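K.L.:
These protein sequence lines are chains A and B, in that order.
What the first sequence shows, in the numbering used here, is residues 61 to 390, in sequence order.
What the second sequence shows, in the numbering used here, is residues 3 to 326, in sequence order.
Watch out, some of these pointers could steer you wrong.
To give an idea of the interface, some chain B residues facing chain A are shown, with a C-beta separation under 7 Å as derived from the structure [stated by the list, open to error]:
1) 31
2) 44
3) 159
4) 217
5) 241
6) 242
7) 246
8) 258
9) 261
Within a straight-line C-alpha distance of at most 25 Å, the following computed PhoX-like cross-link-like pairs (lysine-lysine) qualify [said to hold, decoys possible]:
10) 87/A / 151/B
11) 257/B / 92/A
12) 282/B / 268/A
13) 282/B / 257/B
Honestly, the hints are just simulated from the structure, not real lab data.
Remember, predicted model here, so these are calculated numbers, not experimental data.
Positions of the beta carbon are idealized from the N, C-alpha and C atoms, including for glycine.
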Amino acid sequence: MAGSGKAHMRPDGDRILEVNDLTVEFKVGRGKIVKAVSGVSFDLIRGETLAIVGESGCGKSTLGKAILQLPKPTSGSVNFLSKELTEMNKHDLREMRPAMQMIFQDPVSSLDPRLPVSEVLAEPLRVWNRGNEVEISEKIDELLRAANLDPAVVRDRRSYEFSGGQCQRISIARALALDPTMIICDEPVSALDVSVQAQILNLLQDMKDRYGLTLIFISHDLAVVKAVSTRVMVMYLGKVCEVANPDDLYLRTRHHYTKALVGSVPVPDPDRKISAGLIQGEPPSPLNPPSGCRFRTRCPAATEQCANEEPQLREVAVGHFVACHHPLEA
Amino acid sequence: MSSLIKIEEMSVSFATPRGDLKAVRDVSFELAVGESLGVVGESGSGKTVLSRAIMGLLPGTATRTGNIYYRDKLISELPQKEVRDLWGTGMAMIFQDPMTALNPVRRIGDQLTESLTVRLGMSKSDAKNRAIELLERVRIPDPKSMLRKFPYQLSGGMRQRIMIAIAVSCRPKMLFADEPTTALDVTVQAQVLELLSELREEFNMGMILVTHDLGVVAGHTDKIAVMYAGDVVEFAPTRSLFSNMKMPYTEALLKSIPRLETPTGTRLPVIEGRLPDPTKNEPGCPFANRCPYVSDKCRAEKPPLKDFGNGHLYRCWFPIGGEK
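Excised from the complex, chain A in its bound form (with noise of 0.2 Å):
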């Protein structure tokens, strides 16, 4: 895995969102290099949901901040609404701002816990001029209703005073104020129970057909993301190893490291144990990926071949792209 190429985009589509080659790397001290995101492409069709799976440390929340350029990627492009956020400066890039918007895994943190709602909701309309007051307060209770919110109840409250639930309706009402384009999704159900994670689902799915919003979905819960995503691209260690629709993801499985996720996920029936067998210990430190392909220290397919030469990303099926020397058979 663990691997390069642009295979996988569609130059045909109507696109919103180029990325290519993108590389995000930190300078922690003492001369060494967090390598985060290594030469990731892909492009974002209007419309759809991308979903960005992977492990802690694979380096796809960085992903989604690098597109927003928070902060500015170490190299690569970002081409958004045909525009190249990258070489932007700051007023043109703030310009930007409202078409792309961010709903974050943290739901109480991410609201400021001394402003009332209707203020929180306020904030980016008064600061863009979205309208005058009047017109403020319809669109608040127009989002809050949208959220299945009911303004009269909550217009007035602050953060602490509701769920995790509650508050991640809250963002996605933010998220909406100022009609984005695309919103990054980044974790937005893995801090709530499995009841409300449903819920918050569910909304992401009425909002996109309602506004007709195009989603990057960030997420380790390959089960999450199979409920709501069109196009799902997975990520190790600030690679990329396979991109497919969901269900050819899940049913025809190319990627040896995407076997592994599939087989993790916990399944509510006694009979069927999780496997924790198919991949055992954690990713290696960014701070040395191995060479070739990065998986290879994992891999039960790995031979000579993936430690010399990086694997490409290659069509293997209509559609479906894998990164990968030895695939799975389909």
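Could you slot chain B onto chain A? The hints should help.
P.N.:
Quick look at chain B alone, frame taken from chain A:
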């Protein structure tokens, strides 16, 4: 089989400005030596308070009633000092967040050998050797150098393995694991759950595994208790629970889990509404306002815990599949 833990009508309430908050209501069950129980429920269902109450780890604002027996000895009336003597050697606990449970300014080695020297009276060098064995047992690579490290140098999965090594260091008979894998990735979660099952078998250790995910307990427990608003609403051998679910709440919980088999784009079934206010004592079944099968009787009268046979208990007037 001999009894390891026995709880009789245990209730826990907290004094709050809005009145008494009932976190656990009249819970009774028994666990034999080596048996494992999964305690499942949403946030606020009382599952964490239940395990902490058994171990005697409640804050001063809490009031606990009912009897708790550990190996046929009544421990609920013992003074705190004597309960403390059971910690480590008798009962031990693993917490959800391994970062806050470990001391950030002490080396792993010191934290691991502490209970060995204090509880088991080992010499420093014996304790160190035992610590290395323990680290090997929980599959920590290069255990010797691990002893010199601090918690911040480790990943979440490594920290949770350290927590497990500390918890089992004095060979407890009973392990409480409070959401031990919720903060971990799925791949690491699978490894940690498997490790817990192995250790349990090896030490013939009983376990209470607290989680909000029915998928986590399915393959790793002998029995399951489903909690809702402080009540145990269904209690059954794991197989019986999944094959013959009686309680509408358990069914709703199960249906809301996202699964790989679900076709993309399908709406997930949700449990509408919220838990009732735990400071109020309203009549009727606490799940009534969220239950798809609700009827007038449910709103009027709280159902008692009924026995379906084979130790399968449920708390519902209109159980799925009917009564016996």
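K.L.:
Regarding the hint that residue 246/B lies at the interface with chain A, is the smallest CB-CB distance below 7 Å?
P.N.:
Since the shortest Cβ distance to chain A is 12 Å, the answer is violated.
K.L.:
Close enough to count: is the Cβ of residue 258/B nearer than 7 Å to one in chain A?
P.N.:
Cβ of residue 258/B sits 4 Å from chain A, so the hint holds.
K.L.:
Holds or violated: is the Cβ of residue 44/B closer than 7 Å to a Cβ in chain A?
P.N.:
holds, 5 Å
K.L.:
For the pair we were handed, residue 257/B and residue 92/A, check the Cα-Cα distance against 25 Å.
P.N.:
violated, 47 Å
K.L.:
Have a go at the residue 242/B hint: is there a Cβ in chain A nearer than 7 Å to its own Cβ?
P.N.:
With a closest approach of 10 Å, the residue 242/B hint is violated.
K.L.:
Is the Cα-Cα distance between residue 282/B and residue 268/A 25 Å or less?
P.N.:
violated, 39 Å
K.L.:
Going by Cβ atoms only, is residue 261/B closer than 7 Å to chain A?
P.N.:
holds, 6 Å
K.L.:
Does residue 282/B pair with residue 257/B here, judged by a C-alpha cut-off of 25 Å?
P.N.:
With a Cα-Cα distance of about 29 Å, the restraint between residue 282/B and residue 257/B is violated, given a limit of 25 Å.
K.L.:
Go through the hint on residue 159/B and say holds or violated, using the shortest Cβ distance to chain A against 7 Å.
P.N.:
holds, 5 Å
K.L.:
Does residue 31/B meet its interface restraint, that is, does its C-beta lie within less than 7 Å of any C-beta in chain A?
P.N.:
The hint is violated - residue 31/B has no Cβ within 7 Å of chain A, the shortest such distance being about 19 Å.
K.L.:
Are residue 241/B and chain A close enough, Cβ to Cβ, to be under 7 Å, as the hint says?
P.N.:
holds, 5 Å
K.L.:
Does residue 217/B pass the interface check with chain A, least Cβ-Cβ distance below 7 Å?
P.N.:
Constraint on residue 217/B satisfied, holds at 3 Å.
When each numbered hint is compared with the structure, violations occur for hints 1, 6, 7, 11, 12, 13.
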